[in-house]
Amino acid sequence: MATLKEVKVKIVSVKKTKQITSAMKMVATSRLRGAQMSMEAFMPYASKFAEVLGSISGNAANDASPLLVAKEEVKKVSVILCTSDRGLCGGFNVHLIKKAEQFIQSELQGKDVQLICFGKRGRDWAKKSPFEIEDEYLDVVGGKIDFSVASSSGQKMIDSFLEGAVDEVYLVYSEFISMAIQKPALKQILPIPSLEDVAGETQVDEDSSNLPEHICEPSSVTLLGEMLPKNVFIQIYDALLQTSTSEHGARMTAMENATKACEDMVDELQTTYNKARQAGITADLMDIVGGAEAIKG
Amino acid sequence: MAESLFLEVVTPQKAVVSEEAQIVVAPGSEGEFGVLKDHTTFLTSLKVGCLRYKDATGKERYVFINQGFAEVLPDKVTILAESAERRKNIDTDRCQQAKERAEKRLADESGDVDSVRAEAALMRAVQRITMSKA
Chain C
163 MATLKEVKVK IVSVKKTKQI TSAMKMVATS RLRGAQMSME AFMPYASKFA EVLGSISGNA
223 ANDASPLLVA KEEVKKVSVI LCTSDRGLCG GFNVHLIKKA EQFIQSELQG KDVQLICFGK
283 RGRDWAKKSP FEIEDEYLDV VGGKIDFSVA SSSGQKMIDS FLEGAVDEVY LVYSEFISMA
343 IQKPALKQIL PIPSLEDVAG ETQVDEDSSN LPEHICEPSS VTLLGEMLPK NVFIQIYDAL
403 LQTSTSEHGA RMTAMENATK ACEDMVDELQ TTYNKARQAG ITADLMDIVG GAEAIKG
Chain F
6 MAESLFLEVV TPQKAVVSEE AQIVVAPGSE GEFGVLKDHT TFLTSLKVGC LRYKDATGKE
66 RYVFINQGFA EVLPDKVTIL AESAERRKNI DTDRCQQAKE RAEKRLADES GDVDSVRAEA
126 ALMRAVQRIT MSKA
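Each protein sequence line maps, in turn, to chains C and F. Taken in order, the first sequence gives residues 163 to 459; the numbers are from this note's numbering. Taken in order, the second sequence gives residues 6 to 139; the numbers are from this note's numbering.
For reference, chain F alone in the conformation it holds in the complex (with noise of 0.2 Å):
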């Protein structure tokens, strides 16, 4: 079995995951990337994405995370997220109703919506929404 090495998600509100993991797949803001153990130290920035890991028992998780920082050592991957949930904690009617009212607002073309954060609302719950399907 491969060697492990230790992954934390931590957002403002909670730690998110906290535990052993064989690999963990990060959505980089440059690319997806994968860390195994003794990875050299890297740092990046990440993009709204899914972010997949496989556990100790080899079961393959996936967590939501809405942009932030990830920093890679040799032994650990530390994920610092605006906003971060498992999978199964994403709610699948906020999620729907955020991209509407998102989708709304870009349709909206009176010239006061912010478009950026418009777009960025749409793609976070059209991630979830993907996650969530999947």
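So that you can see chain C by itself, here it is in the shape it has in the complex (with noise of 0.2 Å):
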């Protein structure tokens, strides 16, 4: 058994572990609460711009751009896989490697694959994958995210899916659902689709789709071109600012099974420490009574 002093280093420590972890979570509420604000900022953007695409591409032709047209064959594959900077945070930036590998495996098997790293975590993971990085974003995962990183980097992808360079680009980040619950997705960013599917989730319950048909300047067709490419960008943004969320939920979600895992470990070794203590005493006790036996007899 422990000696008491070992015991009690033990519970000083861990219980400093504690402090440390329950002030990281904090810290991560905190952020995520900013997280949640710039979700919450971008909803009404994201929403009224499916509106009125789905307005537009109502009677436009399927190929009425070359961002909707499949290429017939398909040999280079870009991912791009959405994952924080740092660790601690469970879980999380496991998911999505794990997410992005088995889709890699099962749907892209003899493709040619190139990878797009937003964050550390998973352009560590690609560094050590057989495949080829791309592109690296760090330090824009967790933090503020300017849209402008989600346009250039978006303008790059369309631009080597015009030339040819790349067939199809998907999309693997982690779905914010709830403080706790974070899932991770995947989505195919080009060829977009189909117009249905790109302004079918907002579009039911909007009364403007029985409003007249809207005067077009310069015409629907030029204006989708010119929408298209900005509704990729859209969706990158989305995605990092739901990854950037769910980080934060997921950091504190492991931050605080770890503060209640030092409770746990302090309570037990606290039971230890009073066990060894009572021993001694008991030890004590019996040598005294031993002692004075000893000399009355």
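If you are wondering where the hints come from, they were derived from the structure by calculation, not from laboratory data. Where a beta carbon is used, it is the ideal one built from N, C-alpha and C, also for glycine.
Using 16 Å as the maximum straight-line C-alpha spacing, the simulated EDC-like pairs for lysine to aspartate or glutamate come out as follows:
1. LYS318(C) x ASP119(F)
2. LYS19(F) x GLU202(C)
3. LYS318(C) x GLU330(C)
4. LYS19(F) x ASP308(C)
5. LYS210(C) x GLU87(F)
6. LYS210(C) x GLU13(F)
7. LYS81(F) x GLU213(C)
Calculated Cβ distances over 12 Å to all of chain F for the following chain C residues:
8. THR165
9. ILE343
10. LYS349
11. ASP449
Put the two chains together into one complex, using the hints given.
Shown next as structure tokens:
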């Protein structure tokens, strides 16, 4: 059995760890709030955009833009992997990486895969993987995300898609469902799956769908051509926001669990300590009583 | 007094304007256009420029718009811009720096400069500076 002093030292150190984890939890909580706020601020733009896009795409042909047309033969595929820059957030990054890995193995067998990494954790994994890293963006996820990051990276992808350097682009990110639940998700970005899908989610409940058709200036096809790339940027931005919110959520949960584990451990150690102390006292008493008996005898 | 319509300017970061306006004049890609109440539904893209509107009290207000789209409905105008800011929030020092940076990049003839982007940046900076001086 450990000596009293050893146990005591252990208790102190676990308590210190607990202080750190609970502080980290609080930091994550406040960051989470910030990230959620920027997600909320983005909502009106995203939903309005989808609504407008829906109203002009309604009568457009499905090959109105080269971004909508699937390549006949898919050889080169880009996978955008959103992860966090920092660890200590439970299985968050592992889940995302696994999702990407599974997808590549099951769907992209035999194709030339290149990775575009947002976040250091994914990048570190990608370095060890057999896939080529096309681009990496660090210090984006988790902080304040600027829309220009999404638009400049998105523009690059669109350019290489149009040039034919890449045939398909997929996005792996973390969907933020609630503070406690984040789910790795996968989305096809290019070619844009179909116009109905793009606009579908928000259009149904809007009363604007029964409004008369818009006059478009320039023509609706030109407008659509301008809006579709923007829609790609919006999806990337949305994925980044969600991943970053999820990261803080995951870290919060992880740190809460760690804090709880520390508490349990301290309790356990305290019991061990008490037992050891009691055993010590009993042994001392036995000694004294024994000694006294010996003198008497 | 004229009837008013509702003006909304939203960017991915935040809603910049959300209030009643009597008249809205926006920089459409095919030319500047004005909107009063009961305008026909209309959709257009916007270029970098200045959005002007008169608020409910009749005061003229200016908002910088960096590309985007405008949807006009009979009683509502929605502007979707990549970025936008009210005139009083324009950071002139930053614009001046951005302008110099863009000019330097355009002057660079080594060939590895993305001149389209540099030109766009220059245009934004110049527009912002002109607006803040007005």
